[in-house]
Each structure stands twice: as C-alpha cells, then as structure tokens.
Amino acid sequence: MSNIALKVENIVKKYPSILALKGVSFEIKEKELFALLGPNGAGKTTIIRIIAGLTNPTSGKIYLFEKNLFENPIWSKSQIGIVPQYINLDVELTVEENLLIHGFLYKLPFSFIKKRIAELLEIADLKERKKSKIKELSEGLKRRVLIIRALMHKPKLLLLDEPTIGLDPHIRRKFWSFIKNIQATGTTILLTTHYMEEAEHLADRVAFIFSGKIIAINTPQNFISNLGNYALDVYLSDRVKSYYFKDKLEAEKELLKYSKDHFVSLRRVSLEDVFLNYIEKNL
Amino acid sequence: MKGFLAVYLREILLFKKRIFRILLSFSINPLLYLFAFGIGLGKNIVIGGKSYLEFLIPGLISATSMMQAFAINVEINISRFYLKIFEEFQASPVSHFSYALGEILSGVTRAFLATFIILAISFLAGVKFHLNFYFFLAVFLNAFIFASLGLTSAMLIKSHADQALVTNFIITPMMFLGGTFFPTENLPSFIKPFIEILPLTITSHTLRSIALYNSFKNSYLIILFLIAIISFIIALYSIKGSKD
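Chains A and B supply the protein sequences, listed in that same order. At position 118 of the first sequence the residue is numbered 118 (UniProt numbering), and the sequence of numbers has no breaks. At position 84 of the second sequence the residue is numbered 84 (UniProt numbering), and the sequence of numbers has no breaks.
Watch out, some of these pointers could steer you wrong.
Output of the computed footprint for chain A on chain B, the stretches with three or more beta carbons under 8 Å from beta carbons of chain A [as the list claims (entries may be wrong)]:
(1) 13-27
(2) 85-93
(3) 131-138
These are calculated hints, taken from the structure and not from any lab test. Here a beta-carbon is modelled for each residue, glycine too, at the ideal position from N, C-alpha and C.
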C-alpha cells in the first residue's frame, strides 16, 4: 500500500483568456505538510479549487488515496477540508450555527456534531464565542472559525489556501502552531502561501510555482543549503544584488570588498532567497 | 441528516433571524394591491357574480407565492457572489439534487408564509373562501416551479445586475398578465394561448376555482406537476454548469 495521499498528474487549466495551469504534477505523502509557493496569479488557488471540486480542469488526473478524484467526487469531498482565502462564513449566523450546518452538509450524526463542535471550540479557544455572530468577530477569530469548520468532519486532506493572509504577524505565528498541531493528529496538509517565512517554518516540502508551472520541489532545508548558508546583500543604485556563500569567512571577505563603495549587509539565507533566485532564472 | 435538509436548515436559520423584517415585507405588497385594486379601483366591479376583492385574492396568492419563491435567487446570489457560501456547498459531499431540493424547499416555505399572510388579511377583511388540500397543492406546485426557476436564474447569471433583468422581463410581466388582476378571457386572441399555458395563469385559474366555486380541473394540477418536474431538471443542469 502506497503512502501517497494526493497525486496530481499533469493538470492543465485553460480559461478563455489565459492558460492558468500548464501541466502541474506533484505528490503529497500521508501526514505531510506540503506548501505551494508562488507569486499572485501563479496558479496556486486554481490547483486548490480543482482538488476541492470547485473548478474543473481542462485535462489531467488527480488521485486521492489512490482513488480517481474526478470519478469519485462525493467520496473525495468527504475526505477533504478546505480553508479558502476569503472568509466564506454565514455572517448572520453564530459560530456554533456555522459549524452545525457544515456538520449536516457532511452528513455527520447529530451526536457526533455536538461533541465535535465542543472539541474544536476548545482547541481554537473559541468556547466563549460560540453564540457570537460571525460579523461580531475580529478577522483573526473569523479565520480560526474557518479552520475549525474545515476540520469538523475530520478530513484526511486539509487544503489551506493562503490561510494567514491579512493577519497581524503575532496572530500568524499563533496560527502556525495551530496548523502544526493539526498535522500532528495525522492530517495531510496542502498549504498555499506567498509568505516564504510561513512555508519555511511549516512545510515538510515546498514546491515553487510560477506562471502555472511547478519549477522546483524540495525540502526547505535542502533548498536553502543548495543555494548557500550566507547571503550578502549589496545595495546598488537601482536594485539589491545578493551573493550566496557556503562559508562565512568567504562571505565576510566579499563584504569587506563591497563595503568600500556600497552599503552591504550579511545574513543567513532564507527560502525567500531561493524563491527569488528561481524567479530570476525563470523570467 | 440528508444533504438537502442541511441546505434547507441554513435557509431556515437565516429566515428565523430576519423573521420580523420578512413578515413586514411579505405583508406590504399584498396589502397595497388589496387597497389599490380591491378596495380602491375595484369597489364597484363584479366578475362572474363575485366582488372584485374575491376575484383578486386568489390571483394575488398565485402571484405573491410566485414572487416569494422566485426571490430565493436574491439569497443565492448573495451567497454566491458576495458571501461565497455557495462554494461551501460545492465543496461538500452534497449532490446537486440535494442542494437544489434544499434551496427550492426554502423558496416553497417563503411562498407558503406569504400565502398565509394574505389569507389572514383576507379573513380580517371579511372575505371567505373554500380552502382544501388541492388549493394548497396548487400553491406548492406553483412555488416549486418558480423556486426552481429562481435557482436556475441565480446559477446562470454572472452578476447581481443581471438578476434585475430576469425579474423585469419575465416575472413582472407574468404577474400582470397571468390572471392575477383581470380575467384572461379579456386578453387579445393572439396572446391568449401563450398566456393560458403559463404556470402562473394555470395556478390563478385553479386557486380561483377552488376558493370561489369549490371546484377545479384535474388536468391543471397535472400540468403544474409536469412543469414542476421539468423546472427542477433545468435547475439541476444549471447547477452543473455553474462551475467555472
């Protein structure tokens, strides 16, 4: 038995005016947190929408736990939880009512729904707000409701489409631990984000997507160490040029050389450097 | 709980939250029509041996149940284009059949509530009618047809603005020509056959026959039933086509 949770094979999506996905393929292992990283318009959300059954692909295949996703839509949907980019909650209804309707949509028994709501409200620290209408909550709390709503039916695959977009940095960090805890329960997670730091902290593996094509897949650590450990930023008149070094002494030697004519700074290499390096190569 | 009940439950929960606003808006239109056409203009008019008010009320029930059932398109549009809740339904393991049934039954509920309000107003105005199972069956079928069409239009349109066009060009003319305010016998012969096969006209004739004369044509109910099935199938296909 394979331990592949999701297999995406050569997915193409054509819209009348744009080719959004140009043959995307990747695999996610069970219990893995896999991140799709890319700039706005790269095709991240389109992939999520296709997996969630919200958009039809033009061609290609997807397998969820070895079953063809398009041939088993109802079963597939019952295995997937989705946290969309935007807050699509019923603003007039309470937190509890939103979770209740989700439970009914996924055909869960009422006794299970009641227990699960109590459990998730506890985990998300929302117990006191269960009777609050969604419109009375802050953005951070609404995002928390979105995530626990997606977890109501204990999905085997959780799709997180830019889940922390627009959140303050300290709330984003709280989310990271929340997401890591979900992964620890055995849930496979596909995360899209354009926050490099987020992917670096959370993901077991990362795929860079650019203009509808995946250009590289690796672990964040491998991506970084392949580029170098230290980055030297040289501030030129029109841009910042970065140089990468494995060795710190070598980096410091170069720093002395450039510092005569330019402002320079030395720092550790991050996933953002890797991404920018790939983008530069692919432009 | 079945999927359609989840969709229906959501609509009912929202309905409950807005119950006073809804009751008020459901009462205003029929009250205005009753005063303007029934008591104002139609005071001295007699049609088929009945007062104009007696003639008007069954037609008004047909038209109002049509309008209220069709009005689910507004709610669906809001959940589709503004709240994006339609995507929560699309991503869930609920079949198109269940989704359509849940939405349509919420439209039928709206239509029945509006019907009961008109009947209550009529009762207070001293107008007495024959009411039986077939009267309410006709209201149900009429509401089912127009809720299906409301769902279809909500799935086919691409923005809020398009919705007004559908209402202005289809629903409003039907309300005025479909036997609500005057007998269809008075219509010009070139338009009459077309008007007579409209579901609203058939419902108006059926409700009026039952309410005023305690009789109705079985064939009318069969036709309404067939139109309801066809409308539901069209609604199902429209949901299928709503994915981008």
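Cut-off 8 Å, C-beta pairs, minimum 3 residues; does the coverage of the segment 131-138 of chain B by chain A stand? violated (count 0)
Mind taking a look at whether chain A covers the segment 13-27 of chain B? Criterion is 3 or more residues with CB to CB distance under 8 Å. Result for this restraint: holds, n = 4.
Are there three or more residues in the segment 85-93 of chain B whose C-beta lies closer than 8 Å to some C-beta of chain A? holds (count 8)
In terms of the numbered hints stated before, the structure departs from hint 3 and from no other.
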